[in-house]
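Trainee: Listed here are the chains, written in short residue letters.
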Amino acid sequence: MTTVSKAAKPAARAAARRPRVAAPRPAPAAPKPVMPAGTSHWAEQVHPMLVEAGIRQVGLVPDAGHSRLIQLCEADKSMRIVRLTTEEEGVALLAGAWLGGEKGVLLMQSSGVGNCINMLSLPVACSMPLLILVTMRGDHGEFNAAQVPMGDSTQAVLEAVGVLVKRADIAADVPEMVSSGLRLAFNTFRPVAILIGQRVSGAKDFRKLTQPAGDINE
Amino acid sequence: MSELLHRRTVVKELLKKRGDMVVIGGLGAPAWDITAAGDHDNNFPLWGAMGAAAMIGLGLALAQPKRRVLVVTGDGEMLMALGALATIAVQKPKNLSIVVLDNEHYGETGMQRTHTGYGVDMAGMAKAAGFARTMNITAQKDVLRLRPLIDGMRGPLFAQVKIDAEKLPLVLPPREASYIKNRMRISILGPEAALHQ
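Those protein sequences? They're chains A and B, same order as listed.
Plus 612 on top of the position in the first sequence (first one is 1) and you've got this note's numbering.
Plus 2 on top of the position in the second sequence (first one is 1) and you've got this note's numbering.
Certain hints may be false.
Taking lysine-lysine and the DSS-like style, the derived pairs with C-alpha atoms no more than 30 Å apart in a straight line are [unchecked claim]:
#1 Lys94(B) with Lys689(A)
#2 Lys689(A) with Lys68(B)
#3 Lys96(B) with Lys689(A)
#4 Lys94(B) with Lys169(B)
#5 Lys129(B) with Lys689(A)
#6 Lys143(B) with Lys18(B)
In short, the hints are calculated from the structure, not lab data.
Just chain A, with the same shape it has in the complex:
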């Protein structure tokens, strides 16, 4: 094992780091979620679409990416918010709603998709419409390794059980994808999931959250 004296070590490292050719220009920053001027959060456009489609029951397990939409739905007296203890409850809830003549939407994080798989046999076997809006974790720029296995398999498992899956990876696409998802689900009597990519809402950096409040906003 070679040893380097403590004094020599920093210099040796600096030499190793020194570029032999001109340093490339810094890589351009990852594109930020595009929000065209004059528009607000995607949820401001999606909520009226849900109203227009006659959505009455909103089943949800919260996710930070859904928080604005949840606020808008909570403030809407035409909608019944049903807080779920686990996401598959919502699949059964909205099957019952459909039997009783009401339309619903289900909001969850991608980790919750894993909880739903067997329950999705219900809308698949019954040819029932179901719209699930899934905010992705374990996706673009994830910090938390625990989120990756489910996030990376969300689309595959949904499709394997018979759910149609569409994605939006920039905020500007979310309203259009929700609009198309509503039509696809309720016109063709199928479960449909819209995956809202982590690029839209951003990845949480837990290290920043270890800083005192006030320092976390960059």
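Since the structure of chain A is already known, use the hints to place chain B on it.
Mentor: Here is chain B on its own, set in the frame of chain A:
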């Protein structure tokens, strides 16, 4: 010692002159039981989706608040959805009743014991969650009291009915799920709303 109640007798009593009551049957024996009492357009017997029955009942009860919605399910099926008791208690649907036929066994898979056979009190859990009315039933006289309580719509109501772990001949409901769905929607909403909206 009183003799254990029999599941088909209990269900037949609950569904007597049922009127426009809507009934969800949990998968397995409860689905056969509600069918044995008389197949009906307002029956939704489950062939799968274990753990769905109570929450289907909630979605239906919220969509049809003037109608009585009765979930008849087994102890194993309800054990899979204990969180639903909390979800339902928060929503407080007055028209939803859940009757668990508790034989303390998984009847369809070889009669293995369930948690209730070790003393788990699901009615106690429903009460703690905030159900308006909960009952532990072991006698026929209490079964007779149950139906008027369901009709009274001051729920949500949860009744855990201890029954004999007898194996009975199956009475199969229709098997095609889309048919079972459509007949209920047509019955509740009428054909125009059910099929053309």
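Trainee: Looking back at the numbered hints, which does the structure fail to meet, lowest number first?
Mentor: 4
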